[in-house]
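Undergrad: Read in order, the letters of the sequence shown are residues 31 to 705 in this note's numbering.
Watch out, some of these pointers could steer you wrong.
Heads up, simulated DMTMM-like pairs for lysine to aspartate or glutamate below, C-alpha to C-alpha not over 25 angstroms straight-line [unchecked claim]:
#1 Lys538 with Glu427
#2 Lys474 with Asp460
#3 Lys618 with Glu648
Hints are computed from structural coordinates only; laboratory data are not their basis.
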Amino acid sequence: MKLSMKLADEAPDDDATNRWFAVEAGAQIAIRRHGPWTCWSLFLSPSHYRSRARHNRAHHSRAHHSRPSAPDRAAHRRRMPLKSLALPLRRLLSTSSSGTNIAMPPKRKRSAAQPEAPARRSTRTSKVAAALPDPTDDVLSSKEAVAKAVHGLSEMEQRLHREVRKQRLAVQNSDLCRDKPKTTRKPPVEAQTNGGSADTNGADAEAQTEHVAPEKGARRPPAVNSDRLPLPWSGRLGYACLNTYLRAATPPVFCSRTCRLSSIIDHRHPLADPSQPEHATKNRPDKTKPAEVERGLAFVQSLGVANAADIPKMLRWNDRYGIKFMRLSSEMFPFASHKEHGYKLAPFASDVLAEAGRVAAELGHRLTTHPGQYTQIGSPRPEVVTAAVRDLEYHNELLSLLKLPEQQDRDAVMILHMGGMFGDKGATLDRFRQEYARLSDGVKRRLVLENDDVVWNVHDLLPICEELNIPLVLDFHHHNIVFDPVMREGTQDIIGLFDRIKATWTRKGIRQKMHYSESTAAAVTSRDRRKHSARVKTLPPCASDMDLMIEAKDKEQAVFELMRTFKLPGWDLFNDVVPYERDDEPRKAVVKKIKKGKKASGEDQVEVIVPEREVGPESVSMGGTEKRVYWPEGMEEWLRPKKRQVNKANGKAGADEGTNGDEEAIKEEEEEREG
């Protein structure tokens, strides 16, 4: 291939002379001279490379060379070193197309030491290399690496939460969420009649409900609370469903054992070995054997009987520590109101519930229930209403089988929420009236309504309660979330409705009750403020003889906290627990055999390290003689023995530092000390 070249203008610098040649085929040759060294570079155009590739295709095939890939071809086009084309380049440089000879230094051996060629430097490469961390610095052990990774992830999560919270507050504080001034004034809520709320404009009702109250975020007006306290206290404080101290006992005591529908269906089949007790892995229902509906029904009913059998234990525990008010769990009898798998409580649960009612009557305790949020008789869907009626009948049967005395039976109420608004409050109230009229007398006698934290406030429910003779449960926490301009957030304004609310109870001869709870400290939005705090800090301005249900995460411990704070009756009946240790449960003796060298005679001798502890059935999990049942907030783990950790050095299980009452750990420590 013949190439013609033209000599470009020489650079004035003699030490680094650059000569450029324009090649007719589209290539360029650069000559850079650094002292005695000369660097040659050949730049080929795409057309030149393609012609060169076609010329040498046969040669590449014979030499078993594959065609260069696209990146390689691009690299050749950008810069091809002259080393691979030394002979053709020498011929090109020796003679130009015009016959002008270019002086070339003769090649000869140089015996003298030559200076090193200048190293190519790249500022970008050096900066990147300097920025990269040393890989040897990151060589950590597996445990350190995991801890470092977990710490990094936790920091990322915290940064994400902070950023989300910042953006959310920015949106809430902006004009996007701020109520716009209205030119027309809405009529006051008190002017509404018993027909219900004025928000009956279909889909706009929910939006209007949001605009009735001021801003619900951090910019909302401060709550206006009353400084009145119901002291001296003569009422009853209660908690809902679960006792944290008894739940952590051995064996646990609680009333909400449940299962899945699939478990009921599986237990229609007999066990693989009916002579042995059921085991989660070794003795499960054998699905190859024929199924019987009665067998699955017996399984779920046994759970309900076990739940009801723990009620007397919980009542006696409450009475021991001054608590005489409790809400029974709606999950006591799993799926009792289910359409397909439901069942009646009588006669299989009649005796166990009657025993629970006898203990409640003996101790003078009040028992109530609270059907779930999906029990809505004002729903526009017939299937939802049918399921709600079944659930109400189940709760009525549960309370009726307790066989309580007349007044206690009258006070055993079922608290119900109105439910959703379904686009129109007026239409929902009309459906509620129709369905309420169809309920049985037993359900009507026990049913009470409660204001919620989503749609229905006190002003919405009080007229319908007065119309249908239904008691109204005032929930202070819900009122602080769903309120209106007439009744501001806080406990001050709601006091004006106390007389009307109490009248809904006295007309039916039922002792009034109220609910009190508080939001978590970090709650800002309405959704976050619905969550209950672990414990409450104060009492609402209710009557001093009120039955007050404390709805808090720590259950009975929240009641204890109020007792201690305000020195309420019973505050001196309990003491703090010893961390990770319980004195109210039976324990076997821990003994150790004396080693052979210390035997006084030929008989085996033992040394008792931890003596046996015997506790009567009635005293198990009752707090012991010192009544240690109170645990500080956040320290629920103190109720259970501390987990043992395995010492990786010797492979033995050892107790955590500060553990008391771990018999096996004490035994091992004694053996190591003897050795």
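Undergrad: Hint by hint, say whether it matches the structure.
TA: Hint by hint, here is what the structure shows:
| no. | hint | result |
| --- | --- | --- |
| 1 | Lys538 with Glu427 | 20 angstroms, holds |
| 2 | Lys474 with Asp460 | 17 angstroms, holds |
| 3 | Lys618 with Glu648 | 18 angstroms, holds |
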